Structures are given as C-alpha cells and as structure tokens.
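K.L.:
In case you want the letters, here they are:
Number of protein chains: 2
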Amino acid sequence: MLDITKYIKMELSGQEFCGENFHTNPDIDKLSTEEKKEIISKIKPHLTPEAIVLAQVDPIVGDIEYNFNKAKKYIEWANELKVGAIAFPELFLFGYPVFDIIDRYPKLVEKNIEYLEKLAKCTGKTKVLIGFCEFNRFYIGKRYFNSVAVLSNKKIETIIRKTLLPVYSEFNDARYFQSAEFDSKERIIEIGKMRAGIVICEENWADKDFFDHPVYSFDPVDKIIKEQNPDIIINCSSSPTRAKKEQLLHNMLSFVSKKYETPIAYVNQTGAVDNITFQGASRLYSAKGEIMARAKSFEEQFFIVQPNPKPSCSKDINCIYTLPQGLEKTLNSQKAFSLDYEPDLERTYLTITSSIRDYFHKNGFKRAVLGVSGGLDSSVSCVLLADALKSENVFAVSMPSSITSEQSKSDAQELCANLGVNFTEIPIFDMFKAARSTFDGVFEKVETRWQDRFKASLTNDNIQARSRAMILWGISNEFPNTMPIATSDKSELYMGYATINGDMSGGFAPIADVTKTKLFALARWLNKNRLQRNAIPEAVLIKPPGAELAIDPKTGKPLLAEDALMPYEFLDEVIWRLENLHQSKEEMLCETFLYEEKNNISKATKIAWLDKFFRRMQTALFKWSIMPPAPIVDARSINKTEYNQPITSKLKFY
Amino acid sequence: MLDITKYIKMELSGQEFCGENFHTNPDIDKLSTEEKKEIISKIKPHLTPEAIVLAQVDPIVGDIEYNFNKAKKYIEWANELKVGAIAFPELFLFGYPVFDIIDRYPKLVEKNIEYLEKLAKCTGKTKVLIGFCEFNRFYIGKRYFNSVAVLSNKKIETIIRKTLLPVYSEFNDARYFQSAEFDSKERIIEIGKMRAGIVICEENWADKDFFDHPVYSFDPVDKIIKEQNPDIIINCSSSPTRAKKEQLLHNMLSFVSKKYETPIAYVNQTGAVDNITFQGASRLYSAKGEIMARAKSFEEQFFIVQPNPKPSCSKDINCIYTLPQGLEKTLNSQKAFSLDYEPDLERTYLTITSSIRDYFHKNGFKRAVLGVSGGLDSSVSCVLLADALKSENVFAVSMPSSITSEQSKSDAQELCANLGVNFTEIPIFDMFKAARSTFDGVFEKVETRWQDRFKASLTNDNIQARSRAMILWGISNEFPNTMPIATSDKSELYMGYATINGDMSGGFAPIADVTKTKLFALARWLNKNRLQRNAIPEAVLIKPPGAELAIDPKTGKPLLAEDALMPYEFLDEVIWRLENLHQSKEEMLCETFLYEEKNNISKATKIAWLDKFFRRMQTALFKWSIMPPAPIVDARSINKTEYNQPITSKLKFY
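Residue numbers (my numbering), protein chains in the order written: chain A, 1 to 654; chain B, 1 to 654.
In case anyone wonders, no lab produced these hints; they're calculated from the structure.
Since the structure is predicted, the reported quantities are computational estimates derived from the model, not experimental observations.
A couple of the hints might just be wrong.
Identical copies carry no separate label here, and so any pair may be met within one copy or between two of them.
To be verified - DSS-like, lysine-lysine: derived pairs with alpha carbons at most 25 Å apart: (1) K409 <-> K554; (2) K606 <-> K455; (3) K652 <-> K73; (4) K445 <-> K390.
Start from the sequences, fold in the hints, and give me the full structure.
P.N.:
Shown next as structure tokens:
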C-alpha cells in the first residue's frame, strides 16, 4: 500500500494559466475547414517532430465503438497536425475500470481487438499509443494482458504489456491480468529523433527512494532508464482522483524525472465510472523535475506537449492550466487532523459534480429528484445536482411531517428558489398515519408471540424517512430518466445514523464520502465561489444538524444529531484517525483531539464517545454494504469499491 | 481462473458412513472426566505417533479471543490423546476471510500475534499447525504474510508463509499479502516418523497436468515432493463451497496424491461469513489417490486421521462421513444445461441454512421476519429460515393487497401452519391508499414542470412491494434481534424483476443465488426429504409464478412473471450459458436450448427473448449493487463478493 501520508517537500511550480486554447477543444469534428486551416497555420510552425498529444479522454466501459470513434477523431487530427505521437490512457479502447466484465464477456475483448486493428488502419506517420485489453495466448496464467499498442502507418507496430499490477484500494489488476515478463528493449519506441520509454500507470509508482515502504521489489522505470537511456518516459495512466493524490502524483513524477534527469509525459483519463472519478490533468515534467505543461482537470482535452520546445514555441503548446484552487497549498497537510478544508474544496466540488454528470449521462438518466429538509446534507446535495445536471433537471421535494419546523420548510424553499430548481411541498401526514395504524395492528399480533417488544424504538423516525424515500422512488417510477438521490453524509454513515430504505436510499449518493465538518466548509465555499453567491440560506449554515424525526423529551424540541451521537468535530477526527493513521481506540485515547484543545471534556466522556463510535460502526457495516454508488472523495473511504469488510466480523477495538 | 467445468473421470470412492463418533464432538469441554477416560481408553490403542487431527472449526473474523479459545480446547484434547499433530484451517486465528480489516485495524493483527504466542504456551508434544496473519518485517512488499505457525513444546517451532496468492472470484489474497519466497526445506516438519510437507490452500491448486489452463507457472507441491520427498502433504485450507466444487476438489486432490504417490491430508473450515459458506469435509487421500477419511460437511469436527493406520485401527479413526446426498453423481454433469438439480439439492439446502444460521448468530440476531405471499420464493425462504433458526424465531406476515387472491392467502397460511412458524395477516390497503393519494398530489405538481409523465408505470406495483418491506423493517425496529428477509431469486434478479426497497430489501437474501427452476426442484426436494413431509402446499408448486402486483389487461387476472419476462426454463439456461460458458448473444442464438427441444419457438421469439434478457440485465446492474448479503450457491453468481461489474458499462452484447 502506498503511504500517501508522506510527502516530499517540493513546490508545485509554474502556476501559469494559459487561457482557453482553441485547438485543445476535443470537439475537433465540429471545426469548419476554415477553422482547421487557421489552427494548423498557427500551430504547425512551432511543432517539432517530437511533439506529443496527450489525449485526455473519457471512455465508456465496454462501449468499444464509442471509444473507437473518439480515438479515431483524435488520431486524425493529430495526423493533420503532423505531431510525432499521440498517447491515450491505459485500457482506453476497452474502457477502464474493467472489473469482471472481461471475464464474463470475452466477446467484448474480441471486439476491442477487432477495433484496434481497425484503428491501426486509420494511422499515418504519427505514432499512436493506445491502451487495450489483450488475450494472453500463452499456456499459463491469467487470460489477459493490460497492454498498450503502438500503431503507425496503418499497422500495429508493437505491443507493450504491463508488468506491475496493482491490487489495493480500488485497483484490481492482478485479478484479471497476467503480469508480463519485462524486457526494457521492448519498451522503447522512436518519436522523431527521440527515444521514448513506455510505462503503464502503476509502473511509475515503484521508486525505492521515493516511497518509505515500496510495494514492489522491481522498478520498471529504473530498469528502462539504466538499460536503455531513453530521452523521455511516457506514462499511459487511468488514475482516479482522491484527496491528497494530486500532491503525491506531482511529488512522485517530479522526483523521478529529476532523479533520472529524464522528462516524463503523463496522460490520464477524465470522467467517472460509478464510484471512481478521474481528474485528467495530464502533464509533462522536464529533466529537472519541473512541470512544463499540465492539461485541464475534469475535462476532455486534446493536449499538445513538447519535451524540447523550439525557442519560439507557441503558447498553445506546453500550456499550464491551473489545478483546482488551493491544491498547491496542501503539500504537508493531513499529517494532523485539521478543520481547514479550504485547499481541497474546489477539487471536491469538481469530483462530485463530474461524477454525478457521468453517472447520469452514461446510464441514460437526465433528472434527479431529492428530498429537501432545510438541513445541510440535502441543501449541499441540491446545489451539486443543480450544477451537475442544470436546475431544470432537478426536482426538490419538501416532505414535512408533524415534527418539521416552519423554519426548515422555508429554508428548503428559499434554497430551491435561489437555485431555480423545481420545488414542491407535500406533507407525509397521511402516509405516516396509515403506516402507523397498520404497524400497530401488526405489532400487537407479533407481541402475542414475541413478548420483548422495545419500550422505545426508532419505528416512528423510520416511517418518516421511508415514506419520503417511497415518494422519491415513486416519482422516478412515474417520470422518464429520473433518479432519486440519497443524501447521507460520511460522518452519519460511520455512525449508522441513516435509515435503510430512507435517506440512504437512492440511485446515487453524492456526499457519502464527505464528513459533516467538511460539508459545512463546502457549503460556505459554494456560497462564496459559485457565480451565484449565497444560494444556501445562512440559516442552514448556522442551525445545528438534526434529522427532525423525533422530539427530544428533555427539550421538547427536535432531537439534535450531536446529542444522539457526539460533537461532529470529535467524530470526524475519529474517522480521520481511523482511515489515515489506522489508530485503535486505545491509541486514540492517548492522543489529544483538536476538539479537546478547544473544549474541556473529561476522560470518561472521551471514552464514552469512542466506545459509542466503535459500537455503532460495527452495526453500521451492513448499511455500508447496501449503499448506492457514491463518488470517492476522501483520501480513504468506506466506499465498497475500495474498502471491503465482512459484516460478520467481531472487531474488538483494543 | 480455474476451469471448473473440466472434470477428470474418477469415481468418488468409499461412501462408507461411520455413524456418530463420540470423540469427534467438538464440545470437548462438556465431556465429564469419566467420558474422557472412556474415549481415551477406546481410541488410544489404535493411534500411531503419525495420527493427525484435522481441526474442522468455524472462526469469527476478527474475534481473536474466540478463535484462540476454540483452538486451545482442541489442542488440549489432541495432547491428551497424544496424537502426532493437529492442523487448523488457513488464517484460523485471525478468522477468514480477512478482507480489508487487516489494513485498517493493524492492532487486531498485533493481537493475533500475541494470542499465537499464548497458544504456543499451551502446546505439548503434539505439533500444532495454525493459520494466522503475520507482519511482513521486510522493507519491501505488502504488509502481511498469510502464514501457518508450527507450535510444539510451548514454543513456535517454525513459520510457513504462503507463496501462491489467489486473486479471482471471492479470493483476494494478493491484495493483502506478500507472496513469500519459496524454500521447500522450510515446508517440512516431522510428525512421529513421518516427514510432512505443508502447503496452504491455493498452493495445492497448481498442477500442470490437472488443469487445462493453469494460473500459476510455479507448483509448490511439485517442488516439495521433488526436492524433499515427504511422506505426506498437509494442506491447511479455507475454501468456500459452491456448485461443482466438491467434485473438482476431490478430483484434484485424488489426482495429485496418485500422481506423486503421496498421501494428502486436507483440513478446511466450516461455517459462513456473509456471502461465503465453508463446507468443511476435511479429508485424507492415500498414496493411490483413494479417499481414506472424510469429515462431516457443514459442521465443526475434531477429526482424527491416520495416513498409515494400524491393521487394528478403530472405526473412530479414518471415518468416512458421506457427502451431502447426490454429490458423487455429478462428476461429468454441467457440461450442458440440465433441469436435473437433484444431485446438488442437499448441498444447496445445507449451504443456505448454515449461511443463515452463522449470519444471524455471529451478528447477534435471533429472529427473522418475512413476507409470505403464497408464492414459491417466500415459501422456500420460509422453510429455510424455520430450519436454520427454529420455527418460533420466524414470523411470517401475509400482507395482501386488493390484487392478492384468496388462494394465495390460504397457501401462505397453510405453509406457516405446517412449519409451525408464527403467522399473521395484515392487509396493506390503507398504506396503499395513503401512498397513492399522496403520490397523486406530488405527481400533479411534478407534471407541471416535467410534461413527459409515463402513460403506464410500475408505480402501483412498487407501492405494494415497498409498503410490505416497510412493515417488515418496522417489526425489526420494534422487536429485539429481528432481521427482515429479502426473498428475491436469481432468475428475477438477472431480469431486474425485483423492487428496490421492496422484495429485494432485507438484512439477508437467502435464495438470491438460486434460479427459479432450481427453486422448484428445491421445494419438491424439501417436501420429500425433510422429516416433516410436504410442508409446502402442492398449490404453491403448481401455480405459475407471478408477483400479484398488477392485473394483466388481457386476462383480467394477475400478471404472470413468465408473460412479463420469458419462460423460466429458457431464462435459466441463458443465465447458465452466460455464467458457465461466457457465451455472447450471438453464440446463444446458434445453440439449441433445452426449452427449444421441447417447445416450438420461432427464431424471432428467441431473438426477442435474448434481447430482452441482455437489455433488462443492463438495467439490473444497479440492483445487484445494493443487494443484501446472500449465500453464494451456484458455480458462478452475481454476488458482489465474487462478481464485480461497473453499473456504468455499456455492454453491447454482440
């Protein structure tokens, strides 16, 4: 496992933003002949035969034809510009991540081979590096290779097969692919006068000087450079985004290029698949470890880089697009828990919105329907949906019960008015009443056999949450291409403070990997940074969270979440320590929490909170297992794509 | 991937059943001193110093103390009997499967080391082989080893580390463990005068003569035997059950022992964890490949075997317990689809019931509540629950709507009376009415913005299914340790013919990996083979399946499932071909289905059914992702523990 808490101190350099470059538009086929001519005349003089296009594209998994057509368009345009090479992301032709599809649908793999051959026919002098899934024709081993084909002059010139296969977190390469025998000679291709060494994604992540605890004993980059002395390393990647990854990636690539005095060109895909989102941000490092070019984040791009640009080099080549705001500042952060989420908020916003957009559009959905309670979770979810799908495609439903306050109702309404999303209010009194009376009939009968009925239960709370989900699923049954949204957040999922078939039910869960304290920060950030300021009413931001499902007998007011659980600042630090430092309960007891620095709490209280956390988490495991897809946002998560735990597991947290 | 459709023709030998042997009772601590003495005097004379106990035990993942105590009890008894060795399953001390627990809770791994040292202190002359999770103290690689410690005379004698790490299906070893360097010398331990070579689970599955397409280029067994010439191979396994696995395991172990003229002793765990069930059935093969002993299936057992028994050897040693009925007959089956499920029904029954039992008990649940409709799915589920948990712990609720027939209601009631499970009937009219009128209010408002409301929808069907699930979850909120049950079957899950938050919602889904035609066979088998005959009313077995959620406008009667989908016989063969032969739509079109042999269908109909299958399956992927835990029963499944597919995947089924 990569130790992503370790960062080398190295500044991200070159924060120059070069604006919108016409030629980097991926919709090349929409250009007129006139426009194409203009671009060619503008750029061509600056190109060397060593220019490389980093094709930052968004595939659809298993839709070989779609991916083929996208690649073809890019390749044709690269040929017209007469660049030396164009590099696509890892496994682009099949679409990544493959998961178990390639096992069950070998026909699809045949198709990707067929289309690879078709694609070869479309090539000219420009060399094409394209990831695809290859059959393993050898007698022994897994059935496939994770390969990159090099195409040119209408032929498949050579094939490079991945040797280092990651199996951790969301990665599962060794499940499907045979690790290829490594021969550094086979990794070298010529681009103009330049000899380039090709590696595939993980193969760049094995430097023994960079990582404290390397996973692999073999380092392909080291081998290629020592044996072949190439002029550049080209890395074809499909590498998902998460908190802190940008810094790690930058530090690592910068370190390796500097160490070997060899430039590195890195191409990464964009878009999202279920829980996994790709940032793009393809790039080029110089032999000194400086960033020379960086593509946009979270967008497709046809991106030209030149390892050794002419002195006259146009600004259209080797652009440096800025990263999402703030990412540069966090090089040494997250060694301690902090409530300063600012540096990661724009990336968080872009991760979630592109994830929503791709999940909806690639699956044929257009509209979202969600419950708005006037609380933080549903308010932030509503903003993210409106931005990802456009306001007219969002229907927000306020579903008050007898406990819902007037303030909550008006906050929900105000939010929706601000955002321009569709809004309606429908009380759930009748559904509650009918359920309650039916339940009473059943419970009475059950009680004749099982006499230990609870004195107090969550039944009423849950009727409300489940009636609301029923309404949302009803709308999705009744209107085309409409998906209900689950609005649970990460802090509450850890505590199991979410209702099965209620607020945690939906087709997608946009904020399930965002803790409550970070959500507050994100809400304020949205209010400040979106074009339309202050969409979320201030009242939402200052009221203490509470589900408004039950009345606190002590106060006569709705029960507050922090009373039922513990202060969110404390809770979120427990989560952070568990996910990032893997601390046990005992270890946490010995550490001073940020919350403790500001508030006086007794040791007994701290023990009680920690006990409650681990006890409730154990019973929450089942809920994690039935969560709908949710974008991975944090450095670590409970998202089942990357974290797996048996429900049946007595974890005694020493 | 192991090719489990290939079987070598070899008869399972020795179907001798040796009855209940007192000494094989795992509750050793419940024996009186008198009883112990009697057993010792009865067995000891027959024991050689090479006798081995196969400790067929059921661990709890992460509950190190529980596993330790169980191991300690077995070891003490083995010492009293003065056997040569006792072998526990793979990773027993930590509990298997580990999944990601060992990454996030390193403290638990420390604990398993601590308890290993404690356990060593309890040992005497009898050698103890016990699986545990070991820290990798080397600089490079994954953080852990999957190891077996050899303990004796109060010490850890040596440690054996697994080299072959499976990553396919439900196996994920390489995700967590470092593959150990292999040294055949280190694999040898002495038991009496016998030199035993130790392998861990997968390391026995690499024979190049047995498998058509071996996964591994390296075969540890071959290496140990060629370099060390041991007298026996001992295999410590944790290997889950599934259809056809018993035959494969038997063929493989028999083949390998015969090939090398070396006996193999194989110990396997029992019990279940979430989706995975272990059969136990530990065993011994002779150097001729004959089965010499086989422990019980699906039960814990203290099981003594002797590779070279004395001529006088007691029947209490080297027992052969029969396998679940019929398994021996299926050596060459399943090369073609067949409706003859008979040979796998007892194993299916035992897999599901032990899976239910372990899931409930290990997670602190005692009671199940389910909806009974008088249909096949809920009827079979009800029987399985009653048998696994005892009738008094099952509450069956009949929840008729206006569509439910009198026959359905009385069938449900009759079933429950037969089983002696608790039963009540509560109509959902009121809930339906309240939901419908609330929905009408919402839909009207939504329609003002989204004008493309469906003319016909599944809304009414789903209100019924969701109201029912709400009642079941309500009961689980109101009564302690009560879990609602999802009754979806495999055929309908493939078609997405299951309602989210409705019939597919629950804490556990017992029959989610059983197809409809197999369920019919299982129902008839239950009626014939359970002590209490014909618990399922004949009417349930002869009526055509239908959800009774909507009226067919053509007939005026409830819509039948086969009309909405396609004949189950055809559907189940599509599933079988997809899972076992990985056939594409085109390939299936060219094959003759069993259904076609008996019924005349046009090519157009076949195309339409196949189209419908693949189209509906694509939209069902989301439902698979939010299914509750369900025991893996079939040779292949859509259970997310072993099969992973991105929802966002345009599979064009050529």
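K.L.:
With reference to the structure, classify each hint as holding or not holding.
P.N.:
Here is how each hint holds up against the structure:
| no. | hint | in the structure |
| --- | --- | --- |
| 1 | K409 <-> K554 | within (24 Å within a copy, 46 Å between copies) |
| 2 | K606 <-> K455 | neither (28 Å within a copy, 57 Å between copies) |
| 3 | K652 <-> K73 | between (56 Å within a copy, 21 Å between copies) |
| 4 | K445 <-> K390 | between (49 Å within a copy, 19 Å between copies) |
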